[in-house]
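Asks: What follows is each chain in one-letter form.
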Amino acid sequence: MDTSRSYLEPSSFSKKLAATIIIVYTVITLIPISWMVMTSFKNVNSAISYPPEVFFEPSLEGYVNLFTNRSRQSQEYLDSLPPPENWYEELVRSREMVITGPSKFLGRYSNSMIIGFGSTFASVFLGALAAYAFSRFRVPLKDDLLFFILSTRMFPPIAVAVPIFIMYRKLGLGDTHLGMIILYTVVNLSLAVWLLKGFMDEIPKEYEEAAMIDGYSRLQAFFKVVLPQAMTGIAATAIFCMIFSWNEYAFAVLLTQFNAQTAPPFIPTIIGEGGLDWPAIGAGTTLFLLPVMIFTIILRKHLLRGITFGAVRK
Amino acid sequence: MSQIKISNLQKSFGDFTAVKNSNLTINDKEFFVLLGPSGCGKTTTLRMIAGLELPTSGEIYLGEEEVGMLRASERDIAFVFQLFALYPHMNVKNNLSFPLKMQGYSRSEIKTRVEDAAKLLRIDHILNSSISSLSGGDRQRVALGRALVRRPKAFLMDEPLGTLDAEFRELMCLELKKLHIDIGATTVYVTHDQLEAMSLADRIAVMDGGEILQADEPAVIYNKPATKFVASFIGSPGMNFINIDQGISNEQSTLNIEGTNFNIPKQYEISKSKKNSFGIRPENLSLTNEGGLKGSVFGVEYLGSRKIITVKTNFGEIKVKTNISTSVKINENVQVKPSNNNIIIFDGETDRSLKSEFMN
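Protein chains in written order, with this note's numbering: chain A, 420 to 733; chain B, 999 to 1358.
One chain only, chain A, in its complex shape:
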């Protein structure tokens, strides 16, 4: 028997097997995403050509169409215009169209940003306070309350769509940023409380006791000592909350039309001439993907740190 290696160390075979599984899985998940990115760089014809084109001449038409409204004009009219001022005007004119103004995409995109980050911040902030209270204080009926909080996620949120719709209309919260932030915060809060409570439980209470002895109030100790140490949990929770509220579609369709409409219900409605403008939809989806990706990459170092956090003696 080979006794030279530690029993804790996986064998080279299992390492290779794990690597293979991960690679295969990654490729499978990346195919639709790469197809989407490719579509965003195609033109209207190559996007719907059959058989699908894997190699094609890249074009920014999709992105231009995403950000602009255009109208078709006769060749005489186009000839009467002064020469195009920039590359995207030229691109549009080559399709015998002129730009009539910016599209609604940017507004919808910033709505998504405001609502996504706003509700993520609110969920994590309120969740952290609640989790700390559950973790440290003697709360009457603690277990029942925790179960009650969890139970708000035992049905699909859309099951309560009709009451919420009516409620929001009465309260004037329909189609407002605040309304959407509150809604997504409520949906995410139970997850945030449960996740963060686990992390808070892991932080020895001596740290905040030390801070309190050092002259800080409990709330100050919470912000200065507990929160920085819960960064791992906060990062993980924030990513989950962000992904949910960023991607949420059903409530967004139901409750928002103009003011506070987010990107998810808007993107599929991008219609070009003669049907859906697939390159523009691809471009919108690609841009839609970026914030969550960047957010996750920024917080990744905290997530990784979480894995080794308990390994050293405190």
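Mixed in with the good hints, there may be bad ones.
Stated by the list, open to error - Computed, partial: chain A to chain B, Cβ under 10 Å:
#  : residue
1  : 448
2  : 451
3  : 452
4  : 470
5  : 471
6  : 472
7  : 476
8  : 617
9  : 620
10 : 630
11 : 631
12 : 633
13 : 634
14 : 637
15 : 639
16 : 650
What the hints assert, rightly or not - Calculated pairs, BS3-like style, for lysine-lysine (alpha carbon to alpha carbon, straight line, at most 27 Å):
#  : chain 1 : residue 1 : chain 2 : residue 2
17 : B       : 1327      : B       : 1353
18 : B       : 1292      : B       : 1319
19 : B       : 1273      : B       : 1335
20 : B       : 1091      : A       : 643
21 : B       : 1151      : B       : 1264
22 : A       : 624       : B       : 1151
23 : A       : 720       : B       : 1273
24 : B       : 1099      : A       : 624
25 : A       : 643       : B       : 1003
26 : B       : 1109      : A       : 643
Simulated from the structure, these hints should not be mistaken for lab results. Everything numeric in this text was worked out from a predicted model, so none of it was measured. For each residue, glycine too, the CB sits at the ideal point set by N, CA and C.
Chain A is already provided as a structure; the job is to place chain B on it using the hints.
Replies: Quick look at chain B alone, frame taken from chain A:
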């Protein structure tokens, strides 16, 4: 610096009483140790002085002020935790300046104080290191430094040497004692380690079951324990007890055990019970050929300068500390005899030591 006084202090957690009706005065500039086995209430007492637990009843005075119900942040005390509780997201310098920032000192004042404390504790070369890169001893010093910078009324320490390895512990013990002499701070120190307590303390309070059994100087605690528990808890090995099925009367100065008469210090108290015990420390016993308790040698331990011989008698095992030249064989028949009059009779009913010429 300040005197600390606790009076009729009591703490209950539900049905469990952790600290029972305790009274204690810790003098200004004193190094005071709370000693006892785990669960005896010593840490709870310390945490009440710190303000991390609120007493169920009773008062705590810090100097002249009654602080029993004040928050920890309002008490002006420093606390050193067993696991140090250094803030892992700050470097050494920030850990040290953290308490000062709250009190609104100027930046230059903070800098001076941190540097002074660091110099005193010899950690000035690691001020910019992260906490996770420090050794146990350095963490200990940083924790002490964080307590020092504020110049509080009192230092409270909860087994601060508990997690260090034996070698470091001895070193830190010496440093702590020296530090205490240098800055003369009132210190309350909790430990379950009697050696630590003996070597550090000006005075020791021995606790068991939530009660303070005795509070006195180490030598008194060792030589004249107030209760049977103190006698057995202090000393390594602890005191020998021989059960005697007879009452003790006033003025009594001999005791007949198994037909042999032993001299005991003149007793000044009548025992409440008819089943008492005769207590004597291993170093106050010697082996003899006649006139002692009969037994056979059960074990011999070499301690370098001394030997501990365990003798099996009709009264159980008796440990005798002898000098190294004593040579006996296992199972050899010997007799054990007190070599001086440092004998204490413990009352069987109250477990208290009876007053005598020795226990005056």
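Asks: Decide, hint by hint, whether the structure agrees.
Replies: Hint check:
The interface hint given for residue 448 (chain A) is violated, since its Cβ lies 35 Å from the closest Cβ of chain B, which is over the 10 Å cut-off. Against a cut-off of 10 Å between C-beta atoms, the interface hint on residue 451 (chain A) is violated, since the closest Cβ of chain B lies about 40 Å away. Below 10 Å, beta-carbon pairs count as interface contacts, and residue 452 (chain A) has none with chain B, the closest being about 36 Å; its hint is therefore violated. With a cut of 10 Å, the hint placing residue 470 (chain A) at the interface with chain B is violated, because the nearest CB-to-CB distance is about 56 Å.
At about 51 Å, the closest approach between the beta carbon of residue 471 (chain A) and any beta carbon in chain B exceeds 10 Å, and the interface hint on this residue is violated. Nearest Cβ of chain B to the Cβ of residue 472 (chain A): about 52 Å, over the 10 Å cut. The hint is violated. Because the smallest distance between the Cβ of residue 476 (chain A) and any Cβ of chain B comes to about 52 Å, over 10 Å, the interface hint for this residue is violated. Here the hint on residue 617 (chain A) is broken, as its CB sits about 18 Å from the closest CB of chain B, past 10 Å.
A cut of 10 Å between beta carbons decides the hint on residue 620 (chain A): the least distance to chain B is about 16 Å, and the hint is violated. Because the closest C-beta pair between residue 630 (chain A) and chain B is about 7 Å apart, less than 10 Å, the hint holds. This hint holds: residue 631 (chain A) has a C-beta 4 Å from the nearest C-beta of chain B, less than the 10 Å allowed. The beta carbon of residue 633 (chain A) comes within 4 Å of a beta carbon in chain B, closer than 10 Å, and the hint placing it at the interface holds.
Given the 10 Å rule on beta carbons, the hint for residue 634 (chain A) holds: about 4 Å separates it from the nearest Cβ of chain B. Residue-level restraint check for residue 637 (chain A) holds (minimum Cβ-Cβ distance to chain B is 8 Å; threshold 10 Å). Contact between residue 639 (chain A) and chain B, as hinted, is supported at the beta carbon level, the nearest pair being about 8 Å apart and thus within 10 Å. Because the beta carbon of residue 650 (chain A) sits about 8 Å from the nearest beta carbon in chain B, less than 10 Å, this interface hint is met.
Of the supplied pair hints, the one linking residue 1327 (chain B) and residue 1353 (chain B) is violated, its CA atoms being roughly 38 Å apart against a limit of 27 Å. Simply put, residue 1292 (chain B) and residue 1319 (chain B) have alpha-carbon atoms about 17 Å apart, close enough for the 27 Å limit, and the pair holds. A hinted pair counts as satisfied when its Cα atoms are at most 27 Å apart, and residue 1273 (chain B) with residue 1335 (chain B) qualifies at roughly 21 Å. Annotation: proposed proximity of residue 1091 (chain B) to residue 643 (chain A) holds, straight-line Cα distance about 16 Å (limit 27 Å).
Between residue 1151 (chain B) and residue 1264 (chain B) the CA atoms are separated by roughly 45 Å; this puts the pair beyond 27 Å, and the hint is violated. Simply put, residue 624 (chain A) and residue 1151 (chain B) have alpha-carbon atoms about 24 Å apart, close enough for the 27 Å limit, and the pair holds. A hinted pair counts as satisfied when its Cα atoms are at most 27 Å apart, and residue 720 (chain A) with residue 1273 (chain B) does not qualify at roughly 70 Å. Under the criterion of a C-alpha separation no larger than 27 Å, the hint pairing residue 1099 (chain B) with residue 624 (chain A) is consistent with the structure, at around 21 Å.
For the hint linking residue 643 (chain A) to residue 1003 (chain B), the alpha-carbon distance of about 33 Å lies beyond 27 Å, and the restraint is violated. The straight-line distance between the Cα atoms of residue 1109 (chain B) and residue 643 (chain A) is roughly 20 Å, inside the 27 Å bound, and the hint therefore holds.
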